[in-house]
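Colleague: Residue strings, one per chain:
2 protein chains.
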Amino acid sequence: MKKLQELIDRLQGQPPKRVAIAQAADEEVLKAVKKASDIGMATFLLTGDVESIKQAAHKAELDLTQPAITIEGCEAAEASSKAVKAVKSGDAQVVMKGKVDTKSLLKAVLNKENGLRGRGVLSHVALFEIPHQERLIFLTDSAMNIAPTLEEKVQIVKNAVGVAVECGWKMPKVAPLAAVEVINPAMPATLDAAALTQMNRRGQITNCIIDGPLAFDNAVSKEAASQKSISSEAAGAADILMVHSIEAANALYKSFIYFAQAKVAAVISGAEAPIVLTSRSDSAESKLYSLALALNYSTK
Amino acid sequence: MKKLQELIDRLQGQPPKRVAIAQAADEEVLKAVKKASDIGMATFLLTGDVESIKQAAHKAELDLTQPAITIEGCEAAEASSKAVKAVKSGDAQVVMKGKVDTKSLLKAVLNKENGLRGRGVLSHVALFEIPHQERLIFLTDSAMNIAPTLEEKVQIVKNAVGVAVECGWKMPKVAPLAAVEVINPAMPATLDAAALTQMNRRGQITNCIIDGPLAFDNAVSKEAASQKSISSEAAGAADILMVHSIEAANALYKSFIYFAQAKVAAVISGAEAPIVLTSRSDSAESKLYSLALALNYSTK
Chain L
60 MKKLQELIDR LQGQPPKRVA IAQAADEEVL KAVKKASDIG MATFLLTGDV ESIKQAAHKA
120 ELDLTQPAIT IEGCEAAEAS SKAVKAVKSG DAQVVMKGKV DTKSLLKAVL NKENGLRGRG
180 VLSHVALFEI PHQERLIFLT DSAMNIAPTL EEKVQIVKNA VGVAVECGWK MPKVAPLAAV
240 EVINPAMPAT LDAAALTQMN RRGQITNCII DGPLAFDNAV SKEAASQKSI SSEAAGAADI
300 LMVHSIEAAN ALYKSFIYFA QAKVAAVISG AEAPIVLTSR SDSAESKLYS LALALNYSTK
Chain G
60 MKKLQELIDR LQGQPPKRVA IAQAADEEVL KAVKKASDIG MATFLLTGDV ESIKQAAHKA
120 ELDLTQPAIT IEGCEAAEAS SKAVKAVKSG DAQVVMKGKV DTKSLLKAVL NKENGLRGRG
180 VLSHVALFEI PHQERLIFLT DSAMNIAPTL EEKVQIVKNA VGVAVECGWK MPKVAPLAAV
240 EVINPAMPAT LDAAALTQMN RRGQITNCII DGPLAFDNAV SKEAASQKSI SSEAAGAADI
300 LMVHSIEAAN ALYKSFIYFA QAKVAAVISG AEAPIVLTSR SDSAESKLYS LALALNYSTK
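Top line first, the protein sequences correspond to chains L and G.
Add 59 to the 1-based position in the first sequence for the working numbering, that's all there is to it.
Add 59 to the 1-based position in the second sequence for the working numbering, that's all there is to it.
For the record, the hints were derived by calculation from the structure and aren't laboratory data.
Be careful, since some hints might not be right.
[Stated by the list, open to error] Straight-line distance between alpha carbons at most 20 Å, and here's what the computed EDC-like set of lysine to aspartate or glutamate pairs gives:
1. Lys287/L to Asp160/G
2. Lys322/L to Asp341/G
3. Lys229/G to Glu86/G
4. Lys61/L to Glu193/L
5. Lys322/G to Glu282/L
6. Lys287/G to Asp341/L
7. Lys281/L to Asp341/G
8. Lys162/L to Asp150/L
9. Lys287/G to Glu86/L
10. Lys147/G to Glu172/G
11. Lys287/L to Glu86/G
[Said to hold, decoys possible] Some chain L residues judged to face chain G by a derived CB distance under 8 Å, without partners named:
12. Ala248
13. Ala274
14. Val279
15. Ser304
16. Tyr317
[Stated by the list, open to error] Computed far set for chain G versus chain L, every beta-carbon distance over 12 Å:
17. Glu65
18. Lys76
19. Gly99
20. Lys141
21. Gly179
22. Phe187
23. Gly262
24. Thr358
This one's a predicted model, so the numbers in the text were calculated from it and none came from an experiment.
Every residue, glycine too, gets a C-beta built ideally from N, C-alpha and C.
Could you build the full structure based on these sequences and the hints that come with them?
Modeller: Take a look at the structure:
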């Protein structure tokens, strides 16, 4: 895949899935809903306070009477669990954050009785379209796990591979990043990378090719990898960059956006259904791409 | 400063300093020497095996008979200590790596008797010219300290501030980066950032304004900082990004180069004299900028 637009194109001709929005009274979110429903990309279940939703919809110029939109009124505090329940019951396939705290939405998702816990480790999976780069590249985890253990990294890799495979990648190449491409006992990132690589070879992590540690340049540039004589299927060809810490992943994510002028789609993976957590600073285009990524990823 | 070229311009009209190159028999390094001597930026002391230096100079089209060049023949294994000694004695002001291992050069620099130990903590200071950005930005430490302690971070900040001040920055703004801009006890990067900020306010780190933690976007973009209502002198205006770990700093460094098409100059700071460690993958332009950065930084 070369363009994020392809995520939207892939949905054409498929029966539209439904997105449940927790407390939908958010003008920016409803602008994305308008765009998505205008092109028939999805249908929407808007939960939350009906009057507030109507006001926000008016500002977003979203017609709430169209068949693609259903409203389920409830107290704002109930909106997260309402949206999660809609997905749990099969009435919707994707959860999207509206005007609620991320914390309260994730609490509803992780609720042991009525939630969508899935594998238990949720992680943030971002897909970037970077100018001058030939392919889209996934980056994980820049938002959820602060200092993931090896066990958590296994889940983080699986979560990202799950997204990639559903979006059409066959055997995505995963590069666990470190500052160097050699194993250094003083650098835990390199040890975890080696372990993940061997777990992949032993069939403990499937549907992907893992090869690390790789430094960023060796992972993304064939030229850099060959200058260092690194022989690896993932070197210079990584589809998924798995980053050691939230500090590194978060800074990389933002450097792609602010310095490399990249476009991004992002989804939370690892629950029973995709979760879309857009933030105010995301562009309208990015929100639409994130929805498309989640809809592609949804397997229900 | 907006362009790395200004580092070169600042040297014009100043008496040229001398750069001691450890085992200078490296074609790429001598190409940089040729460019630098052509514009009168510096003079050079080439140490190492004379025959090999002559061969490399021939390939680099460098005239070894010009007055700007002096050769001090020695066994290749002695070249590092020879170059370091030249700086120690005042015969040169900058050490540059030729065809020697980084390790052996740093060993000579850190030698307790004959070295240039300085503050004891050496760190890598890179200065980037990034397309679409209004100002040059320093990044540290992407190569030397794996997981710096707070004490080491203090030296890393001082080392970077030292470079910035000698290059013309007055009171550079330092942003200790983290994944978030709030203090989170579970995130050591945020605690160290808070400590560094207060050390600056208490006069323990001077000649700069430190304010952190800041996430990458809050540090570099005024818009991102104002969207989050962050009130800070460094927010959106950081001159120096001080990164928590080598994994994060190294990946950022390479993302600037490979994804943001940035140009870079880099120097090792913290010893008694600047050390230039260019690598084979650096462009000729980048090697020249690194030399200029080191020459500006040199105070001897």
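Colleague: Look at each hint and say if it fits the structure.
Modeller: Each hint tested on the structure:
1. Lys287/L to Asp160/G: holds, 15 Å
2. Lys322/L to Asp341/G: violated, 28 Å
3. Lys229/G to Glu86/G: violated, 37 Å
4. Lys61/L to Glu193/L: holds, 6 Å
5. Lys322/G to Glu282/L: holds, 17 Å
6. Lys287/G to Asp341/L: Holds, at roughly 13 Å.
7. Lys281/L to Asp341/G: At roughly 15 Å apart (the allowed maximum being 20 Å), Asp341/G and Lys281/L satisfy the hint.
8. Lys162/L to Asp150/L: Violated. Lys162/L to Asp150/L sits at ~23 Å, over the 20 Å cutoff.
9. Lys287/G to Glu86/L: The hint holds at about 18 Å.
10. Lys147/G to Glu172/G: Holds. Lys147/G to Glu172/G sits at ~11 Å (cutoff 20 Å).
11. Lys287/L to Glu86/G: holds, 18 Å
12. Ala248: Hint holds; Ala248/L Cβ to chain G Cβ min 5 Å, cut 8 Å.
13. Ala274: Holds: closest Cβ of chain G sits about 6 Å from Ala274/L, inside 8 Å.
14. Val279: holds, 6 Å
15. Ser304: Hint on Ser304/L: holds, closest Cβ of chain G at ~6 Å, below 8 Å.
16. Tyr317: With a closest approach of 6 Å, the Tyr317/L hint holds.
17. Glu65: At about 20 Å from chain L, Glu65/G clears the 12 Å cut-off, so the statement holds.
18. Lys76: Non-interface label stands for Lys76/G: nearest chain L Cβ at 31 Å, farther than 12 Å.
19. Gly99: Per Cβ check, Gly99/G is outside 12 Å of chain L; nearest 32 Å; holds.
20. Lys141: holds, 29 Å
21. Gly179: Answer for Gly179/G: holds, closest chain L Cβ roughly 18 Å.
22. Phe187: violated, 9 Å
23. Gly262: The claim holds: Gly262/G sits with its nearest Cβ about 28 Å from chain L, beyond 12 Å.
24. Thr358: Thr358/G clear of chain L: closest Cβ-Cβ about 30 Å, beyond 12 Å.
Taken one by one, the earlier hints fail for this structure at numbers 2, 3, 8 and 22, listed in ascending order.
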